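Enquirer: Single-letter residue listing:
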Amino acid sequence: MHKPRLQLQASFDIAWLQYLDKQGRATQPLPEFASPDWLAHCYRQMQLARLVDDRAVKLQRTGRLGTYPSSLGQEAIGVAVGNALMKEDVYCPYYRETGAFLERGVLIEEILANWGGDERGQNFQHAPHDLPICIPIATQALHAAGVAFALQYRHRQQGTPLQVAVTSSGEGATSKGDFYEAMNLAGVWKLPVVFVVNNNQWAISVPRTAQTATQTIAQKAIAAGIPALQVDGNDVVAVAWAVRDAMARARNGEGPALIEAISYRLCDHTTADDASRYRSEEELEQARQWEPIRRLDAYLRSEGLWSDAKQQDLDRELAQVMEAALDNWESRPPEPATAIFDHLHAHLPEGLYEQYDQLRDEQTAGVRG
Amino acid sequence: MHKPRLQLQASFDIAWLQYLDKQGRATQPLPEFASPDWLAHCYRQMQLARLVDDRAVKLQRTGRLGTYPSSLGQEAIGVAVGNALMKEDVYCPYYRETGAFLERGVLIEEILANWGGDERGQNFQHAPHDLPICIPIATQALHAAGVAFALQYRHRQQGTPLQVAVTSSGEGATSKGDFYEAMNLAGVWKLPVVFVVNNNQWAISVPRTAQTATQTIAQKAIAAGIPALQVDGNDVVAVAWAVRDAMARARNGEGPALIEAISYRLCDHTTADDASRYRSEEELEQARQWEPIRRLDAYLRSEGLWSDAKQQDLDRELAQVMEAALDNWESRPPEPATAIFDHLHAHLPEGLYEQYDQLRDEQTAGVRG
Amino acid sequence: MVEENSAITLVEAVNQALAYALANDPQVVLFGQDIGANGGVFRATDGLQQRFGPERVLDTPLAENMIAGIAVGMASQGLRPIAEFQFMGFIYPALDHILSHAARMRNRTRGRLSCPIVYRAPYGSGIHAPEHHSESTEAIFAHVPGLRVVVPSSPARAYGLLLAAIRDPDPVLFLEPKRIYRAAKQPVPDDGEALPLDRAFVLREGRDLTLIAWGASVKETLAAAEQLSTEGIEAEVIDPATLKPLDIHSIIDSLEKTHCCVVVHEAARFGGLGAEIAAQIQEYAFDLLEAPVQRVTGYDTVMPYYQLENVYLPGVERILAGARAALGYSREGRQ
Amino acid sequence: MVEENSAITLVEAVNQALAYALANDPQVVLFGQDIGANGGVFRATDGLQQRFGPERVLDTPLAENMIAGIAVGMASQGLRPIAEFQFMGFIYPALDHILSHAARMRNRTRGRLSCPIVYRAPYGSGIHAPEHHSESTEAIFAHVPGLRVVVPSSPARAYGLLLAAIRDPDPVLFLEPKRIYRAAKQPVPDDGEALPLDRAFVLREGRDLTLIAWGASVKETLAAAEQLSTEGIEAEVIDPATLKPLDIHSIIDSLEKTHCCVVVHEAARFGGLGAEIAAQIQEYAFDLLEAPVQRVTGYDTVMPYYQLENVYLPGVERILAGARAALGYSREGRQ
Ligand SMILES: Cc1ncc(C[n+]2csc(CCOP(=O)(O)OP(=O)(O)O)c2C)c(N)n1
Ligand SMILES: Cc1ncc(C[n+]2csc(CCOP(=O)(O)OP(=O)(O)O)c2C)c(N)n1
Ligand SMILES: [Mg+2]
Ligand SMILES: [Mg+2]
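Chains as they are written, first to last, in our numbering: chain G, 1 to 369; chain B, 370 to 738; chain X, 739 to 1073; chain P, 1074 to 1408.
Calculated directly from the structure, the hints in this document are not laboratory data. Since the model is a prediction, treat every value here as computed from it, not as a measurement. Quick reminder that beta carbons are idealized off the backbone N, C-alpha and C, glycines included. Careful, some of the hints might be misleading.
[As the list claims (entries may be wrong)] Straight line, CA to CA, 20 Å or less: simulated EDC-like cross-link-like pairs of lysine to aspartate or glutamate: (1) K995(X) <-> E943(X); (2) K190(G) <-> E1128(P); (3) K372(B) <-> E282(G); (4) K372(B) <-> E32(G); (5) K310(G) <-> D382(B); (6) K391(B) <-> D666(B); (7) K3(G) <-> D666(B); (8) K1292(P) <-> D1264(P); (9) K3(G) <-> D382(B); (10) K559(B) <-> E793(X); (11) K372(B) <-> D21(G); (12) K372(B) <-> E254(G); (13) K1330(P) <-> D1281(P); (14) K3(G) <-> D642(B).
[Stated by the list, open to error] If we take Cβ atoms under 10 Å as the criterion, some of the chain G residues that face chain P in the derived model are: (15) Q60; (16) T62; (17) R64; (18) A144; (19) T160; (20) P161; (21) L185; (22) R301.
[To be verified] Covered stretches of chain X, as calculated for chain B (at least 3 residues, CB under 8 Å): (23) 809-822; (24) 833-847; (25) 850-856.
The following block holds chain G by itself, in its conformation from the complex (with noise of 0.2 Å):
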């Protein structure tokens, strides 16, 4: 057979990240803003996050909150990705991302009432520029994008320094035209963004290999000519240094990154899913020996800057702002049926005040639907 003569055009590599292996020892030395401070606060902030999730999911339960989807297990990148933004940085959400919220100031009242069925959850009253959690699949990279525009434009035209938006979505994301359309922009207009994939093995029942043939999700950066790195999702250091350094050349003018962070979604998809239906206790039970929390625990220990005494403050500290969250959420008065009209535009528009008033009377008169 014929083998013609090929000349090489051009190559490739995807490297991988790990600071903290699965029993959480240190594999090579921590990079410098990997205080012990910024280590407690990592793991107060996972710890805190795992809280909310867990209370949310038995709220769901017992009738008291729609669908939640809880980041079990994904503690590590929610808080990384998070902490890693600064205060004028824009953050493009996905709906896994408690960790992320609570570092953004988004206040656990707010994501509460979000899964409650109210839009004020959604009015983010700490993080006024973030983009509010995206349910659409992967619709929040373009957003990202076009933020990311935004800022650039800001930059240029004002001299203001450069800031850089951040975008999360899971694996499965990756296989919408979005994702693909919103790097290759970000490529080709050296825009100042990050988009983080949690790799968490399942897009609800559909395996990470039912979803691509690929071998790594960061080497998908390739086809938009970006920069790309697989990092231990995990490890809160790794995550956290991958993000800060996108972000930095973000800010320095270089452009865009993508970030594969390698976890395992060790709870259902969402309080709506069973997912015992599709994947084995074995399996999950795997996962959970190098869950992010657990690892890092042992790793403060190992370096005596853990123990159980400061772990019972911690808990009682976070039951206390769990507890406080929960009033706020539930003291809050329920919105009025008109609100329905009030934010669709900024002026109610004419044609609409017949509506709107048949809307109020027939809420005066107690009709109900």
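Following the hints, put chains B, X and P with the ligands in place on chain G, whose structure we already have.
Expert: Just chains B, X and P with the ligands now, kept in the frame of chain G:
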């Protein structure tokens, strides 16, 4: 600055293929299929494609055709691709494909009918399973994946030989989600489909460099985990080898591939375009130097396979072919107005009887719109 | 597996029809997100992958545009693809392939290729789901020439209409009202009998007023009719079932008796199907009408998160108000 | 550059409005396919990249979903993006971002973020273009809560309404009737004066009949009105201009005089805007109506390739037939 230790996770190469250089000199031995007869056939078909395009553009200029997309300078891609398919394979074309249409047995009068505003031009008499010309950019890539699924399904259910779907697009199309979604699915489902990209450097007025930051278009396949090759698209032998090789692997159950064929659009985007608004005469003049017909002509003459006398015969023959096709096209009776209802559904729904009757009555009464 | 003649829910009837089609037509293939091992997030495809194998019942990667597009290619080569969108709120990326290709392929090729595809999606609100999980945008698709839009409102109609949609030689958007997926049970013999497309169903006979509704709203509409009946008003309830092409004649027949009409739908009012129905009624039955056709619909607002969902949805009381407006108008007579 | 007060075409008026907005609001950015050096395939953006630079007037890669999606992100951070779709036939991949995000962001965040985006697209048929280049699917978008849909029908209205759309704090789909891009010239002072959104324009006064049309169909509708005038019938011609939200009151005002009405549009009839207008007229003016609202529209078929385009499009004769049907009905009176 801290620099972490990274592990290499995956590596990828993109290769490049050429047999005939810009001057038409063989850079390496030609593959077996490239016999003198085969080369002469390709040469004829490339000339015919150029003639059809030329006449179509002139027909548009005189108002007898609508907008027309010539393939001037890219004839090698169409002919090599169309030639590589077996009758029972399925072709899923984009619009800039004159050479491939001719190879597939699409009639010149069908091509003219289509661009003359007559749907009957898409009812390919001699390519009954091929998809019609596809206008919405990149959508045909997904159709091709679906076709390939059907071919694979038939093969598995009925034990018939595995046939292959081949689809084409421009390089602009590779920015659209469809293209990526199709490759990704083809990769993970190992579908027998070959994606051919005609990289003619321009998407209307948008240059390749403004389309994507990648070094090559071929590397976009890495995002789908499928093999890719970049070839000299003005070298009919290189394109043919690449497509045949990819199709052979697909036929063998080894799944999809992407081929980037590098060429240059020597004409306006379509007859509705004026390329002088956005690109220089110098760039165009340089590109003319490496166009595919001149190149193959030089090779054939250097091998003693072509002469002025043969060219004269060919010119005469092709002119006759063209005239006959024009006659057929012009002598076709127009479709009745009610044709707009005839193929909307397999059976006209009762709900449309009234509209159908209205149209028929208007036509009888001579109402114009 | 569902037993013959035991009472089943609407979602079980969908499952039964899919199983019947898979068992009886080797060209039928099913695909979508989480329809395999998981059996679909609503269990509409429960057990089908186990029974018919992963070559005929497939989980796809996550891309609705892709799901719609590959169906076109499959169908062009003779398969009968049935594609699931997990929720109607995620169907929008698929509009291009549905509108530009599935609905046009036959016409474009003058009958050479066709697209006998069924696109399925759970639709409508009322299950306390997150944002985007409660959409009723059937009107967008009903505007597309060449596309049928079908909505069942009972287990039996789900079974019979889905089989008809699968056998239809052209593309059908089949919208499954998820609020009533498990609302009621009914014996549905697994006999492979299709129900006719393009035909309305008269669900209740009456002489005083015509109520038109489809999908989950049929429930509240029938309840309103019962309430009216206690007041001596007999409403005829019509479910068009096939929203496009619409069986306007059954509706006009009813108006011959009743002379007034209320259309109910969850979707936003402006440009909803109610507008088309009202427009056709006044075209075909202008002289019959004693009152304007009333539309009882969702508001022209974004479908709210679930706390305010009931404010948005047309419920029994709003349907009754619409009925009374129509009847009151009729009684006063034309001025 | 266009000279003040010299007569300009509709597409030049679009250009003039875009230039005005770029010159006067630093937050305005323009992007789309081929809008830079090429000035847009219809030259709507001719000269703008040269004048305002490639940082404010940008050619994008080829992906409409992307174009729609980045506009959302840009707008959320205070920019005023104006995005061009090259033809309406290629807008469908963008529906998801327009419907799910642009139209909902303000509501979703309870006013925290907003999407002051203008999505522009040349629209309608009649230029002998290939398939997909002649779409009129405004009804799909008009059904989307939170989205404005605006169609100009003259150079002056193109200028004034586009400026209004750009300044509007919420998303607007601005559809430009390409058949009349160069059909007529009119002096349009470049004074930055916007015209009101949400207001219909009475293009011709009349007492006998109301004709409603927008975009390119206004041309044939006015011609039909002239023809009727020679027969002693004075038609009022109304251009809603903003199709959603619709200024129904101007239409009802007209019906107070005329008592009958014809709606004209290129789009397919079923579920077209004509249905909504007819539905609202019978709701608000039931007692005024002496004849059913007539719809003179495209057929419920796929928009044909250009050989049969004129068969599909509502022209003067079909508008006249619709008018005569309405008037004849009125004369015979209600039975
Ligand atoms: C466009 C779209 N299609 C389908 C869904 C339903 N859905 C919600 S989450 C999900 C799986 C997402 O998986 P992945 O991206 O891996 O994220 P994960 O949930 O695993 O974090 C699906 C299919 C959706 N929200 N949006
Ligand atoms: C979805 C879509 N968007 C826009 C267009 C208009 N359009 C037609 S061809 C073209 C450029 C295509 O460039 P490329 O893919 O490189 O193919 P080429 O024409 O260069 O062969 C554009 C933007 C279209 N046909 N479809
Ligand atoms: Mg996942
Ligand atoms: Mg090109």
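Enquirer: Could you work out which earlier hints the structure fails to respect and list their numbers in ascending sequence?
Expert: 3, 5, 7, 8, 14, 15, 16, 17, 19, 20 and 22
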